[in-house]
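Got chain A sorted already, so can you dock chain G onto it with the hints?
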Amino acid sequence: MAGVLALGPLALFATSAQANPLNPTATTRKNSGTPNSNIVVKKNGTVIKYGDKYITYSAPSSKLDALGQALFMENCASCHGTLANGVPANGVVGAYPDLVGLGPATIDFWVASGRMPAKDTTAVEAPRRQAALSPQQAEAIAAWVNSLQPSFPYIPDPHLKNANVSDGAALFALNCAACHTIEGDGDALAMSTFSPSLRNIPAYQVVEAIRTGPANMPRFTGNLSDKQVNDLTKYVTTEIQHPNNPGGFGLGGLGPVAEGFVALLLGVGFLVLICYWIGERT
Amino acid sequence: MSEQDEHRTPVSLNGLSADDPHLQPAAKNPATVEVVISITFVLGTILVAGFGAAYWVNAKPWILGATMGGGLFILGVGLVAWGKYLMPRGPFVEDRHEFANSQADRDAFAAAIVERGGSVVKRRKMLAGLLGGGLGIFGVVAMFPLLRSLGPLPKGTLFHTDWRKGSYAVDQTGRRVSAGDLAVGSIMTVFPEGTQNSDRGQAVDQTVLIRVSNQRFTTQKGRETWAPLGYVAYSKVCTHLGCPVGLYEQQLQLLVCPCHQSMFNVTNGAVPQFGPAPRPLPQLPLYIDSDGYIRAQADYNQPVGPGFWERG
Numbered sequence: 031m032a033g034v035l036a037l038g039p040l041a042l043f044a045t046s047a048q049a050n051p052l053n054p055t056a057t058t059r060k061n062s063g064t065p066n067s068n069i070v071v072k073k074n075g076t077v078i079k080y081g082d083k084y085i086t087y088s089a090p091s092s093k094l095d096a097l098g099q100a101l102f103m104e105n106c107a108s109c110h111g112t113l114a115n116g117v118p119a120n121g122v123v124g125a126y127p128d129l130v131g132l133g134p135a136t137i138d139f140w141v142a143s144g145r146m147p148a149k150d151t152t153a154v155e156a157p158r159r160q161a162a163l164s165p166q167q168a169e170a171i172a173a174w175v176n177s178l179q180p181s182f183p184y185i186p187d188p189h190l191k192n193a194n195v196s197d198g199a200a201l202f203a204l205n206c207a208a209c210h211t212i213e214g215d216g217d218a219l220a221m222s223t224f225s226p227s228l229r230n231i232p233a234y235q236v237v238e239a240i241r242t243g244p245a246n247m248p249r250f251t252g253n254l255s256d257k258q259v260n261d262l263t264k265y266v267t268t269e270i271q272h273p274n275n276p277g278g279f280g281l282g283g284l285g286p287v288a289e290g291f292v293a294l295l296l297g298v299g300f301l302v303l304i305c306y307w308i309g310e311r312t
Numbered sequence: 030m031s032e033q034d035e036h037r038t039p040v041s042l043n044g045l046s047a048d049d050p051h052l053q054p055a056a057k058n059p060a061t062v063e064v065v066i067s068i069t070f071v072l073g074t075i076l077v078a079g080f081g082a083a084y085w086v087n088a089k090p091w092i093l094g095a096t097m098g099g100g101l102f103i104l105g106v107g108l109v110a111w112g113k114y115l116m117p118r119g120p121f122v123e124d125r126h127e128f129a130n131s132q133a134d135r136d137a138f139a140a141a142i143v144e145r146g147g148s149v150v151k152r153r154k155m156l157a158g159l160l161g162g163g164l165g166i167f168g169v170v171a172m173f174p175l176l177r178s179l180g181p182l183p184k185g186t187l188f189h190t191d192w193r194k195g196s197y198a199v200d201q202t203g204r205r206v207s208a209g210d211l212a213v214g215s216i217m218t219v220f221p222e223g224t225q226n227s228d229r230g231q232a233v234d235q236t237v238l239i240r241v242s243n244q245r246f247t248t249q250k251g252r253e254t255w256a257p258l259g260y261v262a263y264s265k266v267c268t269h270l271g272c273p274v275g276l277y278e279q280q281l282q283l284l285v286c287p288c289h290q291s292m293f294n295v296t297n298g299a300v301p302q303f304g305p306a307p308r309p310l311p312q313l314p315l316y317i318d319s320d321g322y323i324r325a326q327a328d329y330n331q332p333v334g335p336g337f338w339e340r341g
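If you're matching them up, the sequences are chains A and G in order.
Residues 31 to 312 (the numbering used here) make up the first sequence, in order.
Residues 30 to 341 (the numbering used here) make up the second sequence, in order.
Every clue listed holds true.
Facing chain G, according to a computed beta carbon distance under 7 Å, are these residues of chain A, among others:
hint, residue
1, 57
2, 58
3, 59
4, 208
5, 209
6, 219
7, 220
8, 221
9, 243
10, 246
11, 248
12, 249
13, 252
14, 253
15, 308
Cβ-Cβ distance ranges computed for the label pairs, FRET-style:
hint, chain 1, residue 1, chain 2, residue 2, range
16, A, 303, G, 123, 25 to 33 Å
17, A, 311, G, 179, 53 to 61 Å
18, G, 123, A, 307, 21 to 29 Å
19, A, 301, G, 175, 36 to 44 Å
20, G, 175, A, 311, 50 to 58 Å
21, G, 228, A, 149, 44 to 52 Å
22, A, 165, G, 250, 48 to 56 Å
23, A, 311, G, 143, 51 to 59 Å
24, G, 123, A, 305, 22 to 30 Å
25, G, 154, A, 305, 54 to 62 Å
These are computed hints drawn from the structure, not numbers from a lab.
Model, not experiment: these values are computed from the prediction.
Note that the Cβ used here is the ideal one computed from N, Cα and C, for glycine as well.
Extracted from the complex, chain A is given alone in its bound form (with noise of 0.2 Å):
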């Protein structure tokens, strides 16, 4: 009974294009996400590969499993069990919660972006710095929280080849810039917390953040399908991540405060130089 429980949601996905509305990470729209796909691919009756031609989701491998529990006991268990399912959150919003049915890309997500193990435990927010763990040991302690309780989004493997970078700036400008900026740099939110930089991130992690909505950010599972994701992610990672600055230097985004202060140090400074050639006594 216990193991069709948990089987529960991947069952679910994969015998049936309609998702139950009542699982909170399910969604009913084809290509967005989640297995009700074009491409799905089982083995043994169990989904391992899903999406379309425009993102593909891989599970991890269930070969991994191992060495993922051992570096999940030395890296996470001090804070979320060693169940991975948390501890009380001492009244800290978001803190050590349960891991068990994230689903792959939202553990991957938060370790491959070396956010976890987080530095500060009591911070309001674990900010992405240089992973402590590889993209490898990433992927195997996503596997074995994932053998726990089988859950989507799986790994996702964007082809940006077929990505149309002005759809992905539309799209952008409509999702993502209220919060990170239309220049991708971040800036502050509410109550201590803060949208980060889009300008050092790998294709498949803008990904998992899109559909898992790590931390403050929503999750953009059935509002938005892979073409679309895909498009995001080429925009960011092209156009966000290397922008053609018209005027030479971007000066960090930042919009008018920093053009004005360059413009008033140079500028005025430069005129000053001029006044004092044309008024010195020859």
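Only chain G this time, still in chain A's reference frame:
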């Protein structure tokens, strides 16, 4: 006093001999300086002419800026150099003339005022009245273009959006939103079907659809049926100055306006809990039809967006 210092003493131009050092150019080699200044003028002329040509062929903005700015700058450099190095070096002094008129002139002016005041300058009521009438009518006429330029009267449009009983919620591409679409913690911007591409739709009808839970959700007393399956919808137009409130922090359950950081509590009827917004975001009552589509029960029960005169 050396010869050098003597040249720097200010002198009067009156009676200065033509070979006085004060009248010589400042430059040691005026001929060379003249050549340099000629070069700047030629360069400047070429650049300014280049600006005209660039403007004519509709060149890129940086070319327009570089030719115009560079040309004017180089012409300016030449002009300043001309003034500094080729003009008489000076310095010169010149005594001011007396400011006041002579006593005789002042006496004559005062006498003229007294003499003519009574006879020439008369009150002309008719002319003043005509002038006043003309200006007054101009003032009245001027009000019409002024009021007219403010656009048509808004009438009832400020009080209502295009959401109606039964309106389908669609995304920006016009796709109808189903109850199974969003996972918990997701947000999207929706419009009443048919308005997603119109200016008015994007201005006043834009609505954020947030799935806060997977079962019916009550944000406030009296709104028990408004959020089926955890789908909560609020106007996306900030009640402060009308910015799009698209910033959803799903852990804190806050909607934040990116313009002035007003924060609205999503779980509590979007009551502002920080920032300049004076009122909650209006909530759109939703229902889910038998085909699973998300639709509106009715229009918003209050005007969306910032306050206005007639709102009261």
